[in-house]
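Participant: Here's the letter readout for the chains.
Protein chains: 2
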Amino acid sequence: MATMSASAAVPGRPRDPQVDRRIIQAALDVFGDGGWAGFAMETVARRAGVGKASLYLRWSTKEALLTDALAAGLVRVSDVDTGTLRGDMVELATQMLELYAGPSSRTALRLNLEAGTIPGVAEHYEAMRAAQVVAARAIVHRGIERGEVPATVSVTLLLDTLVGGAMMHALSTPPGKRAILTADTASHARRLVEFLMHAVTAPVGSGA
Amino acid sequence: MATMSASAAVPGRPRDPQVDRRIIQAALDVFGDGGWAGFAMETVARRAGVGKASLYLRWSTKEALLTDALAAGLVRVSDVDTGTLRGDMVELATQMLELYAGPSSRTALRLNLEAGTIPGVAEHYEAMRAAQVVAARAIVHRGIERGEVPATVSVTLLLDTLVGGAMMHALSTPPGKRAILTADTASHARRLVEFLMHAVTAPVGSGA
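Protein sequences appear in the order of chains P and V. For the first sequence, UniProt numbering puts the final residue at 208, and the numbers step up evenly by one. For the second sequence, UniProt numbering puts the final residue at 208, and the numbers step up evenly by one.
Hint data in this document are derived by calculation from the structure and do not stem from the laboratory. Watch out, some of these pointers could steer you wrong.
Stated by the list, open to error - Simulated crosslink set (EDC-like; lysine to aspartate or glutamate; CA at most 16 Å straight-line): (1) V:Lys177 / P:Glu126; (2) V:Lys52 / V:Glu42; (3) V:Lys52 / V:Asp20; (4) P:Lys52 / P:Glu42; (5) P:Lys177 / V:Glu126; (6) V:Lys177 / V:Glu98.
All values derive from a computational prediction rather than experimental measurement.
Take the sequences, apply the hints, and build the full model.
Facilitator: See the structure below:
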């Protein structure tokens, strides 16, 4: 158990981004383990190995801390822009595979379950989710503008099957085989993207 | 709060399947709300409106009750056999949409999160999950045998995108629009299946 760090509480001392990251990760872990019911500033501080004063210096409430942690813990859709639709889709699928096959899987699942019902957190979470959907749809629209897929493509079906297909693959990989998957998520992401790109670019009217 | 029902505890009295179903549904609801930490025989009995004796007559432990409830609450993959691959895929997707867009959504999410870690339940849950995967793969293999899809199809990618695509669509539908989706899950399921069937039956070598 960490003791209170006096120096961290000195006003005007510049914040250490390394400590911020450690606290955010601890917050995600604590939330993943015990949900909102088990989410306490003291537990997060202990997990991060910092004093409670360090935590309160940065976040005045546990709602604010969890909101920031969620923003950091979600897939970064808005940062994805590789220049091609295939590249962007591979990046999105890779992030989803890493999120749900790795140690963050329990936290991600608990977000889906609880985040929308926590007072003071739910509104931020819904806003983040909505922004993610807008950013993901923009990825496909850029692909349409560049002529990589026809304008008739169903943006919803393409994104549901990409993001959901990656999530389901990670969740249905048996625990004993997850290490193989996480060692090379990009390979599976590329196979998934080729499969889906064929659905939206192959000519209609053939097949069984 | 229900009082103890004396008659339900009389030995040899035939079990009422209606009561069984009510208990199973109550067990799923209680687990969805509070997880394993909030799962108690007394809470389930109260929710079902039956006496604790009725519960213990049927299930001697809460592990046994939750295991049976999980079996009933999961998608019934093994019962799906409409005679065509398209029909089977629409049925699977419809079940997933109903599971994740309806009132059972929280229970389903909590299963993903917790079921694998509850002592006395985890092994049954893993066995059920494995059986589901085998049954789902059999659906595609029957389609290959009937010549509905080429033998070169990726069974894994087709099922990941079908099941994951349906799950993601339900989860990303805003709460205010879920009623529209649940009123006609089959329409969306058919669109999803046509999208994916095109990926696996259209000729290769064309497209952007």
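Participant: Are the Cα atoms of Lys177 of chain V and Glu98 of chain V separated by 16 Å or less?
Facilitator: Given that 16 Å is the threshold and the Cα spacing comes to 14 Å, the pair holds.
Participant: When you check the alpha-carbon spacing of Lys177 of chain P and Glu126 of chain V, does it fall within 16 Å?
Facilitator: holds, 14 Å
Participant: Given the hinted pair Lys52 of chain P and Glu42 of chain P, is their alpha-carbon gap at most 16 Å?
Facilitator: holds, 6 Å
Participant: Is Lys52 of chain V within 16 Å of Glu42 of chain V, Cα to Cα?
Facilitator: Between Lys52 of chain V and Glu42 of chain V the Cα gap is close to 6 Å, so the pair holds against 16 Å.
Participant: Run the distance test for Lys52 of chain V versus Asp20 of chain V: straight-line Cα separation, threshold 16 Å.
Facilitator: Roughly 13 Å between the alpha carbons, so the hint for Lys52 of chain V and Asp20 of chain V holds.
Participant: Hint check: Lys177 of chain V vs Glu126 of chain P, CA-CA at most 16 Å. Holds or violated?
Facilitator: holds, 14 Å
Checked against the numbered hints above, the structure breaks none of them.
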